[in-house]
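The lines below spell out each chain.
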Amino acid sequence: MTGREASPLSGGARLRRRRAASAGAELLSLLAAFVAVAVLVVVVVSIFLKGAGALSVHLFTRTPVPFGETGGGIEQALIGTAELVALATSIALPAGVLVAVYAHEFAPAGVARLVRLCLNVLAGVPTIVVGILVFTLMVKGSGQSGWAGALALSIIMVPLVARGSEEVLAVVPATLREASLALGATRARTVLRVVLPTAVGGIVTATILAVARVAGETAPLLFTSSIAATTVNTDPQRPLASVALSIFADSESPDPHAHQEAWAAAFVLLVFVLAISIGARLVASRARGGRLR
Amino acid sequence: MARLPLPARRRSWPVRHPGDLAMHGIAGLAAAGTILVLVLLTVQVFRQARPAISRFGAAFVWSTDWNPVTNAFGARDLIWGTAVTSLAAVLAAVPLAVAAALFLTELAPARAAAPIRTLVELLAAIPSVVLGLWGILVLGPVLAQHVEPWLGSTLGFIPLFSGAPSPAGLLPACVILTIMVVPIVAAISREVFLTVPADLKDGAYALGATRWEVVRGVVLPHSAAGLTAAVILGLGRALGEAIAVTQVIGGTAAFHASLFGPADTLASRIASQYQGAVSDIQIASIAFLAAILLVFSLVANVGAGLVVGRLQRRRLGVR
Numbered sequence: 539m540t541g542r543e544a545s546p547l548s549g550g551a552r553l554r555r556r557r558a559a560s561a562g563a564e565l566l567s568l569l570a571a572f573v574a575v576a577v578l579v580v581v582v583v584s585i586f587l588k589g590a591g592a593l594s595v596h597l598f599t600r601t602p603v604p605f606g607e608t609g610g611g612i613e614q615a616l617i618g619t620a621e622l623v624a625l626a627t628s629i630a631l632p633a634g635v636l637v638a639v640y641a642h643e644f645a646p647a648g649v650a651r652l653v654r655l656c657l658n659v660l661a662g663v664p665t666i667v668v669g670i671l672v673f674t675l676m677v678k679g680s681g682q683s684g685w686a687g688a689l690a691l692s693i694i695m696v697p698l699v700a701r702g703s704e705e706v707l708a709v710v711p712a713t714l715r716e717a718s719l720a721l722g723a724t725r726a727r728t729v730l731r732v733v734l735p736t737a738v739g740g741i742v743t744a745t746i747l748a749v750a751r752v753a754g755e756t757a758p759l760l761f762t763s764s765i766a767a768t769t770v771n772t773d774p775q776r777p778l779a780s781v782a783l784s785i786f787a788d789s790e791s792p793d794p795h796a797h798q799e800a801w802a803a804a805f806v807l808l809v810f811v812l813a814i815s816i817g818a819r820l821v822a823s824r825a826r827g828g829r830l831r
Numbered sequence: 161m162a163r164l165p166l167p168a169r170r171r172s173w174p175v176r177h178p179g180d181l182a183m184h185g186i187a188g189l190a191a192a193g194t195i196l197v198l199v200l201l202t203v204q205v206f207r208q209a210r211p212a213i214s215r216f217g218a219a220f221v222w223s224t225d226w227n228p229v230t231n232a233f234g235a236r237d238l239i240w241g242t243a244v245t246s247l248a249a250v251l252a253a254v255p256l257a258v259a260a261a262l263f264l265t266e267l268a269p270a271r272a273a274a275p276i277r278t279l280v281e282l283l284a285a286i287p288s289v290v291l292g293l294w295g296i297l298v299l300g301p302v303l304a305q306h307v308e309p310w311l312g313s314t315l316g317f318i319p320l321f322s323g324a325p326s327p328a329g330l331l332p333a334c335v336i337l338t339i340m341v342v343p344i345v346a347a348i349s350r351e352v353f354l355t356v357p358a359d360l361k362d363g364a365y366a367l368g369a370t371r372w373e374v375v376r377g378v379v380l381p382h383s384a385a386g387l388t389a390a391v392i393l394g395l396g397r398a399l400g401e402a403i404a405v406t407q408v409i410g411g412t413a414a415f416h417a418s419l420f421g422p423a424d425t426l427a428s429r430i431a432s433q434y435q436g437a438v439s440d441i442q443i444a445s446i447a448f449l450a451a452i453l454l455v456f457s458l459v460a461n462v463g464a465g466l467v468v469g470r471l472q473r474r475r476l477g478v479r
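Protein chains in written order, with the working numbering: chain A, 539 to 831; chain B, 161 to 479.
One or more hints might be untrue.
[Said to hold, decoys possible] Have a look at the derived ranges for each label pair, beta carbon to beta carbon:
#1 A:583 with B:459: 35 to 41 Å
#2 A:712 with B:384: 30 to 36 Å
#3 B:317 with A:820: 50 to 56 Å
#4 B:199 with A:713: 38 to 44 Å
I should point out that these hints are in silico values taken from the structure, not numbers from a laboratory. All C-beta atoms in this analysis are idealised placements derived from N, C-alpha and C, irrespective of residue type, glycine included.
Construct all of the structure, not just a fragment, from the sequences and the given hints.
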């Protein structure tokens, strides 16, 4: 091994060129991953810095103040978002789990395939169009309401919950089902007493991720649950305020105080969404043996 | 395989027991509900758009008017805005996301890949309204002060890069949509790359191929269909984004060929005018915009869904 040319295995200029091309490609892919992560860091850090500066106790304990004044809060929006998301989850969780159970435990393969396709398509429909659907069904004539907003959010949640749940149903060991059936349990009982209890952790994770997603949804609420609600309201028959819509309205406002309020609200929303997204992933990864998903 | 019964027994199902019948029925209803929602979406949007469809017909697509006073409406400028922003976003996001996914599957040690993957996918968790707020108050001014003047002076001879810089306009919308598309394309590409059989890759390595040659010769060709689906889904996400785009695009009735000027997209026009519409024909015209958007997204998602569905079924262990 005196010189490179001496060894037949070390290759010539052509091999060096190929290796250089490969190293270049590796470097580019490393760079791409770095850029993707850097974008997240830049956006999140910049929102945190702006938001932390604008944060005050008033944000949580007061309602908005008139144009130009300071010291307002988004109490009504925090309560509204909590209620909207809770109502939406109470519709979408059972519906989504049932759809997953149907597709994975009951339906013939062809029908299951159709249901899965519909879930994927529904997940891809622009959320603003979902807002229009609920507007035409519930708001036209009778006015905006918390129920209409919650229904719009639940339409967005169902495919998320159903797809996540089916992934968990798929990893429930077939031997558990067979054991239950062999003991004489009916199919329904097997699902309710064996399959679902085994899958419950994953279903909860899927639901939490769906909650994180809809907590920040704005478009479906735009036409369905009021943008102008400035007082605390917990009655879902009437429009409910929401954090996302407050941020949207504040960011469209020319008032710099409103921008401060928007940053503070965005900070709260982002912390909530990131915390539960990361939390759900950590719990799921622990359940799966330390592999972060 | 997770699915329980043997094929022969399968035929005697769904039901023998009343409890099974009830469970099957309720779960089936829920599944029928999702299909019903899709049908309702299409029916309601088209029904609402009907006055505009019968009045303007296909000319709606290339007419440039948008005048609530004279009740003349057309979608050309909005289709332009939608096409420019989503195509630019996809063009920028796809190479980045695919390269990042290749890094995660082919290059990174497992210990590093997991957290990096989580971080990339967390990008998708940022609510669009928060991203839009950042876009109009942080990104827009930076682009207007530093990037757009430079683009204008070097590429100003192209109409796309001419005109006065402005903090709200097509360019920040392109950037925001790129940020939204990256995590989607990266996540799907990664799953697609993971399905490439290790035997094929090992074979190529054994023949002396370099890592890049394995990617180019084995991984990418094997993943072509899945990557196409990833691109289509990313495009669908960009087409339909209403809120963040409304925040950063400046929303104007005027037409600008320049990327720097304010514009509007189908989705952002719906978001900004559906509620304040003054006449029935304006509401119908906005529903027409929604119908165009819906048709695009249905076609894209069914197409991509057929491909992604195959991946999904493989993961679920069902046929």
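Do the hints match the structure? See the list:
1. A:583 with B:459: 35 to 41 Å: Because 39 Å falls inside the window, the suggested range holds.
2. A:712 with B:384: 30 to 36 Å: Since residue 712 (chain A) and residue 384 (chain B) have Cβ atoms about 33 Å apart, the given range 30 to 36 Å holds.
3. B:317 with A:820: 50 to 56 Å: Since the Cβ atoms of residue 317 (chain B) and residue 820 (chain A) sit about 52 Å apart, the hinted range of 50 to 56 Å holds.
4. B:199 with A:713: 38 to 44 Å: holds (39 Å)
Checked against the numbered hints given earlier, the structure satisfies every one of them.
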